[in-house]
Amino acid sequence: MNPWHLHQAIRCIRAGGVIAYPTEAVWGLGCDPLNKDAVERILDLKSRPEHKGLVLVGSSLEQFKHLIRPLSADDLAKVNATWPGPITWILPCYDDVPSWLRGEHHSLAIRISAHPIVKSLCDAAGPLVSTSANPAGKEPARSALKVRKYFPNGLNCLLPGALGGNDQPSEIRTLSGERLR
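Quick note: the sequence shown uses this note's numbering, first residue 1, plus one each step.
To be clear, the hints were calculated from the coordinates, so they are not data collected in a lab.
Computed from a prediction, not measured in an experiment: that's the story for all the values here.
Keep in mind that a hint or two might mislead.
[As the list claims (entries may be wrong)] 20 Å max Cα-Cα, derived DMTMM-like pairs, lysine to aspartate or glutamate: (1) 52 x 171; (2) 119 x 171; (3) 138 x 44; (4) 65 x 44; (5) 36 x 95; (6) 78 x 62; (7) 65 x 95; (8) 46 x 123; (9) 138 x 167; (10) 149 x 44; (11) 52 x 178; (12) 78 x 167; (13) 138 x 50; (14) 46 x 62; (15) 146 x 167; (16) 119 x 104; (17) 52 x 123; (18) 65 x 123; (19) 46 x 178; (20) 138 x 178; (21) 36 x 74; (22) 52 x 62; (23) 119 x 62; (24) 78 x 178; (25) 78 x 96; (26) 52 x 104; (27) 36 x 139; (28) 146 x 44.
[Stated by the list, open to error] Distance ranges between label pairs, derived from CB positions: (29) 47 x 181: 16 to 22 Å; (30) 114 x 69: 23 to 29 Å; (31) 148 x 77: 39 to 45 Å; (32) 95 x 149: 36 to 42 Å; (33) 163 x 60: 20 to 26 Å; (34) 80 x 37: 30 to 36 Å; (35) 77 x 181: 20 to 26 Å; (36) 7 x 172: 29 to 35 Å; (37) 82 x 106: 32 to 38 Å.
C-beta: ideal position from N, C-alpha, C; glycine also.
Please put together the full structure from these sequences, using the hints given.
If you want it as structure tokens, here you go:
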């Protein structure tokens with residue numbers, strides 16, 4: 001990974017921009033999750049309704065302590081057994097978490113990534129929105145070229161790099177054992 005490209009992406013995130021970046025299986029769109037304008041731009045780019053909520057990605061669970069409620073020892077063991085990795089968990093969140101992140105839910109979708117680019121981004125910039133780089137109803141982008149075709153305007157930065165080699169986007173699980181995707 002080119003340090004200059006990473007630095008540019010981090011500057012973009014901190015300035016309220018929207019970036020595209022490679023993840024474990026598909027390209028993602030990301031931004032600072034607490035920047036409402038940036039999150040709304042992603043929702044507009046994807047034609048995604050706010051009520052669905054978004055996935056957040058980080059490099060450690062510690063990055064989410066201000067957003068998610070403490071987990072029981074059993075639940076913590078359950079999520080830690082799959083992280084870092086391509087598993088997204090639906091976790092209970094605090095009531096003051098913005099609706100533009102959680103949608104109509106009282107939970108947040110959280111993933112701790114093992115992808116080196118995602119991990120480096122989150123180590124430097126903190127947690128990010130992580131949603132697949134595709135308009136609603138289209139296949140997720142698996143190349144930078146497809147990202148550019150889907151979004152010729154509206155992105156502030158495209159961080160080059162390779163996908164992680166997984167065939168499918170992250171699996172989504174609930175603490176009760178339900179698999180949502």
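Hints and how they fare:
1. 52 x 171: holds (16 Å)
2. 119 x 171: Within the cut-off at roughly 18 Å; holds.
3. 138 x 44: Holds - the C-alpha atoms of residue 44 and residue 138 are around 15 Å apart, at most 20 Å.
4. 65 x 44: Between residue 65 and residue 44 the Cα gap is close to 28 Å, so the pair fails against 20 Å, i.e. violated.
5. 36 x 95: holds (17 Å)
6. 78 x 62: Between residue 78 and residue 62 the Cα gap is close to 16 Å, so the pair holds against 20 Å.
7. 65 x 95: Roughly 13 Å between the alpha carbons, so the hint for residue 65 and residue 95 holds.
8. 46 x 123: This hinted pair is violated, its Cα atoms lying about 26 Å apart.
9. 138 x 167: Satisfied, since the Cα-Cα distance of roughly 17 Å is no more than 20 Å.
10. 149 x 44: holds (16 Å)
11. 52 x 178: holds (17 Å)
12. 78 x 167: Violated - the C-alpha atoms of residue 167 and residue 78 are around 23 Å apart, more than 20 Å.
13. 138 x 50: Since the Cα atoms of residue 138 and residue 50 sit roughly 18 Å apart, the hinted pair holds (cutoff 20 Å).
14. 46 x 62: violated (29 Å)
15. 146 x 167: Distance ~17 Å between residue 146 and residue 167 Cα, so the pair holds.
16. 119 x 104: Violated: residue 119 and residue 104 sit about 28 Å apart, past 20 Å.
17. 52 x 123: violated (27 Å)
18. 65 x 123: holds (15 Å)
19. 46 x 178: Violated: residue 46 and residue 178 sit about 26 Å apart, past 20 Å.
20. 138 x 178: violated (25 Å)
21. 36 x 74: violated (33 Å)
22. 52 x 62: At roughly 24 Å apart (the allowed maximum being 20 Å), residue 62 and residue 52 break the hint.
23. 119 x 62: Between residue 119 and residue 62 the Cα gap is close to 13 Å, so the pair holds against 20 Å.
24. 78 x 178: With a Cα-Cα distance of about 13 Å, the restraint between residue 78 and residue 178 holds, given a limit of 20 Å.
25. 78 x 96: violated (25 Å)
26. 52 x 104: Distance of about 7 Å is within 20 Å: holds.
27. 36 x 139: violated (26 Å)
28. 146 x 44: Holds - the C-alpha atoms of residue 44 and residue 146 are around 18 Å apart, at most 20 Å.
29. 47 x 181: 16 to 22 Å: holds (19 Å)
30. 114 x 69: 23 to 29 Å: Roughly 25 Å apart at Cβ, these two residues keep to the hinted range, so it holds.
31. 148 x 77: 39 to 45 Å: holds (42 Å)
32. 95 x 149: 36 to 42 Å: The hinted range 36 to 42 Å holds for residue 95 and residue 149, with Cβ atoms some 40 Å apart.
33. 163 x 60: 20 to 26 Å: For residue 163 and residue 60 the Cβ distance comes to about 22 Å; the hint holds.
34. 80 x 37: 30 to 36 Å: The hint (30 to 36 Å, Cβ to Cβ) holds, given that residue 80 and residue 37 are roughly 34 Å apart.
35. 77 x 181: 20 to 26 Å: holds (22 Å)
36. 7 x 172: 29 to 35 Å: Holds: the Cβ-Cβ distance is about 31 Å, inside 29 to 35 Å.
37. 82 x 106: 32 to 38 Å: At roughly 22 Å between Cβ atoms, residue 106 and residue 82 fall outside 32 to 38 Å, so the hint is violated.
Taken one by one, the earlier hints fail for this structure at numbers 4, 8, 12, 14, 16, 17, 19, 20, 21, 22, 25, 27 and 37, listed in ascending order.
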